[in-house]
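*Asks:* Chain residues, written in single-letter form:
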Amino acid sequence: MQESLFAPGHRACAGCGMPTAIKLVLDAAGPNTIVTSPTGCLEVTSTPFPESSWRVPWIHSLFENAAAVASGVEVALKKFRKTDINLLVIGGDGSTFDIGIGAISGMFDRGHRITYVCYDNEAYMNTGVQRSGSTPFCAKTTTTPTGKLSLGNPRPKKDMPAIAVAHKVPYVATASIAYPVDLRRKVKRSLKADGPAYIQISAPCITGWSFEAGDTIEQARLAVETCLWPLYEYVDGVLVGAKKVRRKRPVEDYLKTQGRYKHLFKAEGGAEVLAQIQAMADANAEKFGLLD
Amino acid sequence: MMKVVEGSYAIADAVRCCSPDVVSVYPITPQTHIVEHLSEFVADGKLDCGYINVDSEFSSLSSLIGASAAGARTYTSTTSQGLALMFEVLYNVSGMRLPIVMTTVNRALSAPLSIWNDQQDALGARDSGWIQIYAENVQEAIDLTPQLYKISEDPKILTPSMSCMDGFILTHVYEPVEFLDEEKVREFLPPFRPEYVLDPKNPKTFGAFTDPSWFTEFKYLQHQAMQRSLEKIEEVSKEFEEVFGRGYGGLIDTYAMEDAEIVLVTMGSIIGTIKEAIDELRSEGVKVGLVKIRCYRPFPAEALKKALKDANVIAVIEKDVSMGYESALLTDLKGALYNSSIRTPIIGFAVGLGGRDVGIKHIRSMVEKASKVKDAGIESEFEIFEVKPECL
Amino acid sequence: MSKCGVRMVVEPGSTEITKTGAWRTFVPVFDHDKCIKCSLCEIYCPESCIHQIEGNFVPDLDYCKGCSVCAHECPREAITMVLEE
Ligand SMILES: Cc1ncc(C[n+]2csc(CCOP(=O)(O)OP(=O)(O)O)c2C)c(N)n1
Ligand code: SF4
Ligand code: SF4
Ligand code: SF4
Ligand SMILES: [Mg+2]
Numbered sequence: 001m002q003e004s005l006f007a008p009g010h011r012a013c014a015g016c017g018m019p020t021a022i023k024l025v026l027d028a029a030g031p032n033t034i035v036t037s038p039t040g041c042l043e044v045t046s047t048p049f050p051e052s053s054w055r056v057p058w059i060h061s062l063f064e065n066a067a068a069v070a071s072g073v074e075v076a077l078k079k080f081r082k083t084d085i086n087l088l089v090i091g092g093d094g095s096t097f098d099i100g101i102g103a104i105s106g107m108f109d110r111g112h113r114i115t116y117v118c119y120d121n122e123a124y125m126n127t128g129v130q131r132s133g134s135t136p137f138c139a140k141t142t143t144t145p146t147g148k149l150s151l152g153n154p155r156p157k158k159d160m161p162a163i164a165v166a167h168k169v170p171y172v173a174t175a176s177i178a179y180p181v182d183l184r185r186k187v188k189r190s191l192k193a194d195g196p197a198y199i200q201i202s203a204p205c206i207t208g209w210s211f212e213a214g215d216t217i218e219q220a221r222l223a224v225e226t227c228l229w230p231l232y233e234y235v236d237g238v239l240v241g242a243k244k245v246r247r248k249r250p251v252e253d254y255l256k257t258q259g260r261y262k263h264l265f266k267a268e269g270g271a272e273v274l275a276q277i278q279a280m281a282d283a284n285a286e287k288f289g290l291l292d
Numbered sequence: 001m002m003k004v005v006e007g008s009y010a011i012a013d014a015v016r017c018c019s020p021d022v023v024s025v026y027p028i029t030p031q032t033h034i035v036e037h038l039s040e041f042v043a044d045g046k047l048d049c050g051y052i053n054v055d056s057e058f059s060s061l062s063s064l065i066g067a068s069a070a071g072a073r074t075y076t077s078t079t080s081q082g083l084a085l086m087f088e089v090l091y092n093v094s095g096m097r098l099p100i101v102m103t104t105v106n107r108a109l110s111a112p113l114s115i116w117n118d119q120q121d122a123l124g125a126r127d128s129g130w131i132q133i134y135a136e137n138v139q140e141a142i143d144l145t146p147q148l149y150k151i152s153e154d155p156k157i158l159t160p161s162m163s164c165m166d167g168f169i170l171t172h173v174y175e176p177v178e179f180l181d182e183e184k185v186r187e188f189l190p191p192f193r194p195e196y197v198l199d200p201k202n203p204k205t206f207g208a209f210t211d212p213s214w215f216t217e218f219k220y221l222q223h224q225a226m227q228r229s230l231e232k233i234e235e236v237s238k239e240f241e242e243v244f245g246r247g248y249g250g251l252i253d254t255y256a257m258e259d260a261e262i263v264l265v266t267m268g269s270i271i272g273t274i275k276e277a278i279d280e281l282r283s284e285g286v287k288v289g290l291v292k293i294r295c296y297r298p299f300p301a302e303a304l305k306k307a308l309k310d311a312n313v314i315a316v317i318e319k320d321v322s323m324g325y326e327s328a329l330l331t332d333l334k335g336a337l338y339n340s341s342i343r344t345p346i347i348g349f350a351v352g353l354g355g356r357d358v359g360i361k362h363i364r365s366m367v368e369k370a371s372k373v374k375d376a377g378i379e380s381e382f383e384i385f386e387v388k389p390e391c392l
Numbered sequence: 001m002s003k004c005g006v007r008m009v010v011e012p013g014s015t016e017i018t019k020t021g022a023w024r025t026f027v028p029v030f031d032h033d034k035c036i037k038c039s040l041c042e043i044y045c046p047e048s049c050i051h052q053i054e055g056n057f058v059p060d061l062d063y064c065k066g067c068s069v070c071a072h073e074c075p076r077e078a079i080t081m082v083l084e085e
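Protein chains in written order, with my numbering: chain A, 1 to 292; chain B, 1 to 392; chain C, 1 to 85.
Quick caveat, the hints were computed from the structure, so don't treat them as lab data.
As the structure is a prediction and not an experimental result, all values here were calculated from the model.
Any given hint might turn out to be false.
Below, computed lysine-lysine pairings styled on DSS-like, alpha-carbon distance capped at 27 Å [said to hold, decoys possible]:
| no. | chain 1 | residue 1 | chain 2 | residue 2 |
| --- | --- | --- | --- | --- |
| 1 | B | K201 | A | K192 |
| 2 | A | K157 | A | K287 |
| 3 | B | K156 | C | K3 |
| 4 | B | K361 | B | K287 |
| 5 | B | K201 | A | K78 |
Produce the entire structure from the sequences given, and follow the hints as far as they go.
*Replies:* As structure tokens, then:
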């Protein structure tokens, strides 16, 4: 029995997608790895003093500085000629897309050999489901509530992988906990890259998205099958591959199963929004060549 | 051998002598020359360290958290806006007990924007859990550098420290200084060997989250370490003097204190001017002396009680204001003496804000005000000194 | 670091002392005859608490939070969630 590098006993909600993402990432990276994490659900649920779920060395400092902390780890290890250790940042979308983006840009720009993994649950979950730059169009959060004048988050999801690509980092990919083989392969590939890498993993949050118990992996799968979460890879700035979607499903199949989109099926204007979201999915299918 | 160099160069050289493994700095006037000289040393192979060209001060100190936890001796420096940007990280570093050493060049905080010296920046970081020692001149700032590493890295202390030096006045001055001897520094300063580092062979968790059942104990132990450092600072100061032949007193120093009735209390480069003013006044028969605060945090309350017990009037002169009250050192000093038998009146002056020149005549005027207190009692407990009359 | 137990570092994997099985309302029951050993339940379980023991996949009930992800993902419907008394 191989022991998971992410121990049980952590305090993530039952059915949270994030621990599965962490487990898969560590599986691929192996024990010769050092992880830096920012503040967020992962950090809080995995390291309640005096306990820790981490079986690899792990460090947390603040919400917005994980990329900088990891940069320091990398430079120190280089100084000590220990260059064979895998370095990961694993952080949420809030710290990645918003408050920590300056530090991430610096880390990319300086070319540190670090894989930055974002487990993306599309909001600030740890503080109670507030909008982040990753929150998709018209999703309901506690800071983008629905109301007479609102259909939820008014802005589309920020294209963080494109921002990473624009930094000319050697490896950028999206992944999903519903596709573990693909995910592990991408992590392994990123660690071979000669420089920074960015991997963004779809990790549904049962509490923030409000879907049925047991549905976590299915949610992640539907995001891919609707083409709302394309699985692709950029190597040296070039799109080298995207996972084909065998049977493209309408976005409603995904949206209707989640509380955060419930209003779109009732409120006035919801139908137009659904059409807009469908158009986004279609654009992804086109851009990444997801369909045969 | 004495050499005439710019203050910033001298500091960069002192840092080089301490052999940091990782240096991470971001430029800001008037600290920039330190950054530039350090990069030159690295480029010339004179300093073998990881040098991180960071994207901000927030990232510079953050990156040192990672480096320090990986076992590196680390260095950064900043000033003013940069220090303010680091605010959150400062507390994090001390709470994680990482012995990072920083040169804090003292400069005013915006707004209005000012690149000139006062000490508002470091005073604002008073409660962040960093040891703060203020240098009077470039030589003292040089000599502080290895001392701070020795203090901070002591396994019983493990507390970050900053060497504070006045911007421009010390960073940009050219004066003759004695450089550190690398061999001697190696003897004086043992290598940094933390008990735990980030290491896959011994995979510990750093920076866990605590609930109310533990937080108090973390803070208690941190406070204890700070208290312990009072003794360590004295000890290291003596040791430095033995090895290098230069001493500055430990936590505090004194000047012309024999029979002094009026005692000025201050810190930083203004001391040079004050000493000159005291020499003048003494020759005129005015019994004035000086207590120089080197170590502001931890606060040397006991040493101050001893030094001030015979004063008739105490005047605190400092370059900061805690808006809505008075200056920080003034408050701290009054607090330290309150439960003692010392009942000496204390007044305070905020001077030199945003680089306003403080000359001998200003010191004389403050001494004059203090001497009136001796006879007539306190008229004004605190004032921002020499405000344009039309503003009053 | 100190006698009172405050330490700057924490031991790896030490959340294991917390038995999150206490959170559970429903318990996964595995039908080993239906199982095709695809190991998907093990891969997806957020608690890393499904293990293959002597060939069979079994949940470690010390940690299983009863989230029913395994039951939903099992391609053979070999796992049923049962209300725990
Ligand atoms: C400087 C700062 N601002 C705000 C917070 C509060 N905060 C802690 S975690 C968090 C949200 C985390 O969101 P994300 O990164 O998406 O991780 P998640 O909790 O969703 O997994 C926020 C806003 C903080 N800790 N520090
Ligand atoms: S709030 Fe969401 S992301 Fe956070 S632990 Fe719960 S399910 Fe996971
Ligand atoms: S119910 Fe959830 S926690 Fe329990 S074994 Fe199945 S997947 Fe794991
Ligand atoms: S998912 Fe179902 S079939 Fe696959 S190993 Fe688990 S119990 Fe067996
Ligand atoms: Mg999030």
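*Asks:* Take the hints in turn and mark each one as holding or not.
*Replies:* Verification of the hints:
1. Distance hint between K201/B and K192/A is fulfilled; the C-alpha atoms sit about 21 Å from each other, no more than 27 Å.
2. Among the hinted pairs, K157/A with K287/A is consistent with the structure: their alpha-carbon atoms are about 16 Å apart, no more than 27 Å.
3. For a cut-off of 27 Å, the pair hint linking K156/B to K3/C stands: about 14 Å separates their Cα positions.
4. Restraint check for K361/B and K287/B: the C-alpha separation of about 17 Å stays at or below 27 Å, so the hint holds.
5. A distance of roughly 17 Å separates the Cα atoms of K201/B and K78/A; the hinted pair therefore holds under the 27 Å criterion.
Checked against the numbered hints listed earlier, the structure breaks none of them; every hint is satisfied.
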